[in-house]
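Enquirer: Residue numbers (the working numbering), protein chains in the order written: chain A, 1 to 460; chain B, 1 to 460.
Simulated from the structure, these hints should not be mistaken for lab results. Quick reminder that beta carbons are idealized off the backbone N, C-alpha and C, glycines included. Hints should not be assumed to be uniformly reliable.
[As the list claims (entries may be wrong)] With a Cα cut of at most 27 Å, we get these calculated DSS-like pairs of lysine-lysine:
1. B/K278 to A/K355
2. B/K240 to B/K286
3. A/K361 to B/K313
4. A/K278 to B/K351
[Said to hold, decoys possible] Partial pick of chain B residues on the chain A-facing surface, computed with a CB cut under 7 Å:
5. H229
6. C237
7. L275
8. I300
9. H301
10. G302
11. E304
12. Y308
13. R327
14. K355
15. N356
[Said to hold, decoys possible] So these bits of chain A aren't anywhere near chain B, every CB distance computed over 10 Å:
16. E91
17. E265
18. V379
There are 2 protein chains.
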Amino acid sequence: MDLFYAYVNKHQDDFVQKLKEVVAIKSVSSDPSLRDEVFKMGAWLHREMERLGASTKIVELGLQEGENPGLKLPPVILVYGHYDVQPALKEDGWNTDPFVLTEDSSHRLIGRGSTDDKGPVLGWLLVIEVFRQLELEFPVNLIMCFEGMEESGSEGLDDVINREAEGFFKGTDAVCISDNYWLGKTKPSLTYGLRGVSYFHVTVKGPKADLHSGVFGGTVHEPMTDLIHILGKLVSCDGKIMVPGIMNQVAPVTEEEESSYNGLEFSMDTLHEALGAKNSIHSNVKDTLMHRWRFPSLSIHGIEGAFYSPGEKTVIPAKVTGKFSIRTVPDMDPDNVTQLVVQHIESEFTKLKSKNTISIKCVGAGKPWCSSFNHWNFVAGRKAVEKVFNQSPDLTREGGSIPVTLTFENALKKNVLLLPMGACDDGAHSINEKLDRRNFIEGIKLLGTYLDELRQIQAE
Amino acid sequence: MDLFYAYVNKHQDDFVQKLKEVVAIKSVSSDPSLRDEVFKMGAWLHREMERLGASTKIVELGLQEGENPGLKLPPVILVYGHYDVQPALKEDGWNTDPFVLTEDSSHRLIGRGSTDDKGPVLGWLLVIEVFRQLELEFPVNLIMCFEGMEESGSEGLDDVINREAEGFFKGTDAVCISDNYWLGKTKPSLTYGLRGVSYFHVTVKGPKADLHSGVFGGTVHEPMTDLIHILGKLVSCDGKIMVPGIMNQVAPVTEEEESSYNGLEFSMDTLHEALGAKNSIHSNVKDTLMHRWRFPSLSIHGIEGAFYSPGEKTVIPAKVTGKFSIRTVPDMDPDNVTQLVVQHIESEFTKLKSKNTISIKCVGAGKPWCSSFNHWNFVAGRKAVEKVFNQSPDLTREGGSIPVTLTFENALKKNVLLLPMGACDDGAHSINEKLDRRNFIEGIKLLGTYLDELRQIQAE
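Make a model of the complete structure from these sequences and hints.
Expert: Below is the structure:
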């Protein structure tokens with residue numbers, strides 16, 4: 001790979017220029033007036049891929065593009081990324097025009113989509129470019145799945161993946177997604193787990209319409225009072241879930257897993273800086289990250305139907321819906337979680353002896369995901385990190401979910417590796433989103449080396 | 001008063017026509033585009049009062065009009081009403097045009113402002129009209145204070161009342177306000193008490209900005225969890241205030257007061273009908289009305305800063321403000337109530353051992369009001385009810401507040417009587433607001449007789 005690295009180093013300004021070109025396309029999927037830009041971005045990729053010799057397939061319900069260069073070498077690797085971005089306006093507080101990639105004196109490439117996810121998508125294309133320019137044999141069969149609606153809920157994508165599992169994606173040996181971030185700012189990560197989430201609505205209903213608290217206060221069972229008492233039975237102020245049976249489902253921590261928490265690029269200061277406050281529950285890194293990654297949590301998000309505006313209103317709301325969610329981890333099962341939550345709330349509501357009525361509903365459940373970091377797909381990733389960055393990667397999980405991960409795993413029954421390019425402070429979705437020049441350039445090397453390591457592992 | 005009654009009976013259609021005329025003026029004080037209509041309504045009253053021989057004074061900061069016919073007979077009675085109305089659109093669900101007074105087959109006079117408060121305001125003018133037409137001596141000196149901004153917070157009125165206490169209102173012997181409703185549908189009421197209200201904001205602050213529950217759930221003290229636990233320590237589901245010391249301030253029930261609860265036109269069915277549900281806390285009329293009128297209550301209105309829309313959002317709100325209020329009764333003192341609430345919440349928050357911060361603020365406090373129903377002003381009212389309706393009135397309180405009542409009492413140091421014209425089912429502020437023809441016509445007789453009874457009592 002030395003020739004590859006030298007070429008990347010020599011052409012890094014061209015590569016940054018190319019990133020600038022794609023950042024300038026305002027592919028904001030959530031803004032209908034910019035939908036043409038999303039298509040424009042898709043067309044740009046399409047053109048670029050054809051130029052690189054890829055055979056592509058544009059799939060309705062969003063654009064999906066892929067490459068199968070016809071090289072006969074195993075393995076077949078499917079990579080996923082997205083080319084749409086979050087909305088961004090200079091007025092939001094950006095220091096520079098969000099759609100003009102601007103490099104500052106610290107070599108931060110600032111622009112919407114730089115790190116999420118145009119940098120990584122472009123990275124895959126540039127890997128091909130470099131191999132072609134060097135007239136080197138491409139190390140794997142590469143299938144690319146790039147989406148233009150990720151920031152708008154990826155509507156339609158699951159259907160496409162399931163449909164193409166036996167079509168365009170047939171024969172895939174492993175999957176790689178570069179759409180998350182390093183745990184730290186300088187040390188690369190491989191990500192092997194994600195929490196799931198079960199979202200609940202609990203509704204208490206009383207009178208037929210809102211009441212005036214002057215006329216009715218003290219004489220009726222108020223739905224809001226009941227709901228507050230119910231929500232108070234869900235989680236303690238130090239984050240312990242109070243629903244009986246939930247914690248029994250959590251997979252125990254293995255010794256191997258436990259040791260993976262040593263040496264991570266993370267400190268309590270990093271956390272407090274992100275919070276802008278020292279209101280962390282746990283006092284050390286290991287407990288904190290375990291509670292972010294591999295233990296469940298319960299958050300109360302808000303109440304629908306009650307008074308929420310500034311000012312004062314003396315209303316007794318007639319019907320209020322509490323919204324809360326549980327972040328789930330292996331081996332929690334969504335159906336079982338729902339059953340325990342419903343049982344617990346119904347039993348607590350009975351104790352209130354209220355004449356109001358209650359209903360509880362799980363309105364959405366995504367399963368947790370956890371892969372084996374000893375799989376050959378991860379071994380290739382680790383070796384690539386070691387070659388390019390001269391250090392072992394942090395083995396991380398994420399507390400949130402990236403639903404497409406499970407969709408690929410379930411549809412293709414193959415191992416999925418999350419191989420991030422950006423750093424923890426890139427500020428995806430925020431103002432002044434950036435990708436460090438180092439992350440972009442070394443990241444291209446990382447993606448290329450990962451493919452080469454896959455070739456070597458499969459050749460063994 | 002027989003001549004008076006006969007005249008009223010004979011001219012009742014003319015009087016309804018006049019009510020129709022004023023309902024047609026869209027004096028919605030909260031709608032700036034209709035502010036001219038409020039002035040038009042004020043001008044209508046002004047013209048009508050001058051026609052009736054009144055000397056008037058229009059006061060800046062809203063219109064205020066009065067009459068002092070120069071008759072030398074004591075007493076001097078100040079009456080208050082308002083000529084602005086709540087907004088109303090046919091599309092809101094009205095069966096008829098809200099600004100066209102329409103009489104249905106049950107003799108309900110349907111229209112915005114019919115009962116709140118154009119009917120009563122017109123009632124006072126028609127009393128004068130009748131006395132003049134009959135060339136009878138007017139029984140009292142009448143000062144009228146009619147306001148055009150009541151439905152928009154009566155801004156500026158307190159200043160006017162305090163300023164005119166020694167001016168236009170000087171020499172007032174008693175005050176009468178006709179701007180509330182009978183307890184029942186058929187039996188008149190005299191109202192002698194109102195609850196006060198102390199409104200609180202309790203704010204819990206954590207991180208500098210909202211957090212994603214995937215990334216931070218389980219690792220930080222969530223402000224929403226803390227707030228829910230705090231709000232759960234304020235009131236039990238059967239309406240008992242959990243703030244220590246509050247109930248010690250409540251004036252004991254006297255025997256005379258207790259007996260006034262017998263024979264009231266109110267039933268649990270009435271309550272359940274109003275609620276559209278059987279979620280009442282108490283099982284009988286007396287307990288229910290005591291808890292509406294003479295015991296404090298605490299209602300939780302909502303939360304500012306949390307998620308409140310339909311749908312799902314996995315946010316950990318950074319700063320949340322709970323809104324609740326306590327309806328207060330004699331002898332509760334607002335400052336003392338605030339002190340007890342703050343102490344209680346701070347002590348409960350300490351128990352939570354949270355690293356977030358809390359602040360509690362009383363953002364508004366109106367005192368409760370309770371008058372003696374044995375005062376000669378009330379005796380005149382009672383006698384008038386007995387003459388016109390052949391029955392004794394219900395002695396009632398209201399659970400809500402009518403702030404102008406205390407303003408008059410404090411500024412003039414005189415007894416205030418609340419003498420309602422409309423019935424409990426009139427639906428002020430609602431669609432299809434109505435005033436029964438009986439309430440309007442017998443109401444005019446009631447107001448005239450009340451003035452005549454005052455004359456007799458003062459002559460004794």
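Enquirer: With reference to the structure, classify each hint as holding or not holding.
Expert: Verification of the hints:
| no. | hint | verdict |
| --- | --- | --- |
| 1 | B/K278 to A/K355 | 7 Å, holds |
| 2 | B/K240 to B/K286 | 17 Å, holds |
| 3 | A/K361 to B/K313 | 15 Å, holds |
| 4 | A/K278 to B/K351 | 19 Å, holds |
| 5 | H229 | 5 Å, holds |
| 6 | C237 | 4 Å, holds |
| 7 | L275 | 4 Å, holds |
| 8 | I300 | 5 Å, holds |
| 9 | H301 | 4 Å, holds |
| 10 | G302 | 3 Å, holds |
| 11 | E304 | 6 Å, holds |
| 12 | Y308 | 4 Å, holds |
| 13 | R327 | 5 Å, holds |
| 14 | K355 | 4 Å, holds |
| 15 | N356 | 5 Å, holds |
| 16 | E91 | 18 Å, holds |
| 17 | E265 | 16 Å, holds |
| 18 | V379 | 28 Å, holds |
The structure shown violates none of the earlier numbered hints.
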